[in-house]
Amino acid sequence: MKRGHVETWDPPPQPPSGSGPSMADNKSKMAADDSNMDELLAVLGYKVRSSEMAEVAQKLEQLEMVLSNDDVGSTVLNDTVHYNPSDLSSWVESMLSELNNPASSDLDQTRICEDSDLRAIPGLSAFPAEGEVVDEEASSKRIRLGPVGSWCDAAGESTRSMVLVDSQETGVRLVHALVACAEAIQQEDHNLADALVKRVGTLAVSQAGAMGKVATYFAQALTRRIYRAYMTTETDFSGGSAVGPSFEEVLQMHFYESCPYLKFAHFTVNQAILEAVTTARRVHVIDLGLNQGMQWPALMQALAVRPGGPPSFRLTGIGPPQTENSDSLQQLGWKLAQFAQAVGVEFEFKGLAAETLSDLEPGMFETRPESETLVVNSVFELHRLLARSGSIEKLLATVKAVKPSIVTVVEQEANHNGIVFLDRFNEALHYYSSLFDSLEDSYSLPSQDRVMSEVYLGRQILNVVAAEGSDRVERHETLSQWKTRMGSAGFAPVPLGSSAFKQASMLLSLFAGGDGYRVEENDGCLMLGWQTRPLITTSAWKLGGAAVEMTR
Amino acid sequence: MVEKSNNKRQRVERVPEFFINDHHDVLVEILRRLDGPSLCAAACVCRLWSAVARNDSIWEELCFRQMSPRPSLSLRSVVSALGGYRCLYFLCIRPVLARLPKLLWSRDQLQLSLSLYCVHYYERLYVGAWIGDAPPSSLMFLRKPVNVV
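Protein chains in written order, with my numbering: chain A, 1 to 552; chain B, 1001 to 1149.
Heads up, some of the hints might be wrong.
[What the hints assert, rightly or not] Here are some of the chain A residues that sit facing chain B, going by a computed Cβ distance under 8 Å: (1) Glu257; (2) Ala298; (3) Gln301; (4) Ala304; (5) Phe339; (6) Ala342; (7) Ser499; (8) Lys502; (9) Gln503; (10) Met506; (11) Leu507; (12) Leu508.
No lab work stands behind these hints, which were simulated from the structure alone. Yeah, the Cβ is synthetic: ideal placement off N, Cα and C, and Gly gets one too.
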């Protein structure tokens, strides 16, 4: 009955009250020495005789294996009511029998995971494998599946794209432990959380692939969150200013290289801008987050070859405050100017350094509304303003005041701004699992780009999980939330055209693992996702209201 | 595939000898009609042909052959500034065609290739040194092997 690794989990200081213990507790208890089981379970309120221990353990193992392979598992687990806590054996038996009866009719042995057939399950990503249900001997730790190849295909197409790569058991336990730890933090039980996070760390190391990496980052973030409660001084969770903005930019550069998300964002936005300025003679773009300006060479080239000749192009780039010995904004402007000269586009650049975007005033941009067409662009910048109340409204009011012809917004498609920590945690776990999963497929061998991209994402994870208050800047929101916000600020959506969609589709088909990426059009906005999970969204907006005159 | 004229001498008295190597413009016209692999093979024939094959108009023809309508002439100066059609073909268009052999070339696909080419140029000249002497890798995704099932 003993599992492969010895559990070092200590019993909780007091028996948990109210609702029954989580499955994680049960499983870890089962792995302890046989002679101790009775006492440990008694602490939890279960009265199980030592003689029955073997049988109960066997049933729990079966239940776990079935749950990890059966998409009705978690509904059964939630629906089954546990009446008599002293009768653990019959409770498990009831769950097993419930699973037996519907399971045999539900499991379709021939299909390999059609996405539409799986229900979206909060929590586990589960997918039906071929046919094995309950009649396993206790000694078989792994479910006997069909050819491994098909299982790997099935593994790649789960609804919530958490990939259980090598060991199903470790993967499931890893997820359980992560969620249990987050629950413990939610309930302010730091001792339990600490123990669980150490367990996660151990499990994560043995798990290969994307899941292990995601779990490691989440475990680190959870540890930071737990220990923050014991620390008097606030450490820096922003992940950005601690090491200086340039490190963040380097990481984002690697992220740009290794996966298509930023390229998708840039190219679709450029297409939207091109369509909006077709007749303009002077174009002024305000970029709310310039970074390395990788977006603008392609736009300048497209402007250079458009019929009728290129317009004059003016760029106002906003970046973080400069340190004394570097003036990276101006250098960047110079590089872009050289590029513009090479392709034959008249170019003007201005750099604005701002600590936060809400500091911007309309007058700073020096717009020339009578002669130029104004474009405002934001790639992954708006969500940071949600950390302080009133900031986003002020920025949107500023944007509105300069009267742009089009405002392009790219944001992550996730709700990482919920009030309840546990909901945020679960959402983030799914989101970043998808992201890491997509990175995993891009390259067969680890490269510097991929490793740095993972670090880049890891810093976001740290911020989402461990930071609070104004430190927590990675406050992603979904498209529908942004639509409401932009609508209430006075913007109307502009549908992105089919050119953008075609370019995006072609771009994604060029990436290895291209069949995993999906472009979807959602009410005029383009979403890029991995498998079935949308990950980033591009949208375009104009000033709403018929009375607004478009300056061209 | 157009039959290449070669250096076989015709031992007929009255016919003036014609060496293709003396007529580079004719050679260019012939090479313009070749497809990609043939053109690359032609460029390996001898030093002269290799030099002639660097003529960018040959590669321009190769890039745009499947396209209709043909892109405007203003594109030529832009592409030349970015490194020429030959580099464009090798860096962007050939890997794209290798990955998506049935691709229908239209303006959108061309625009995407050009955008990628721009990014590569910009990165190579202006960003490379800053990121720690790493070679520009924005187009690496085109070169990595893909599992084609």
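Hints broken by the structure, by number, lowest first?
-> Checked against the structure, the only hint that fails is number 12, while the rest are satisfied.
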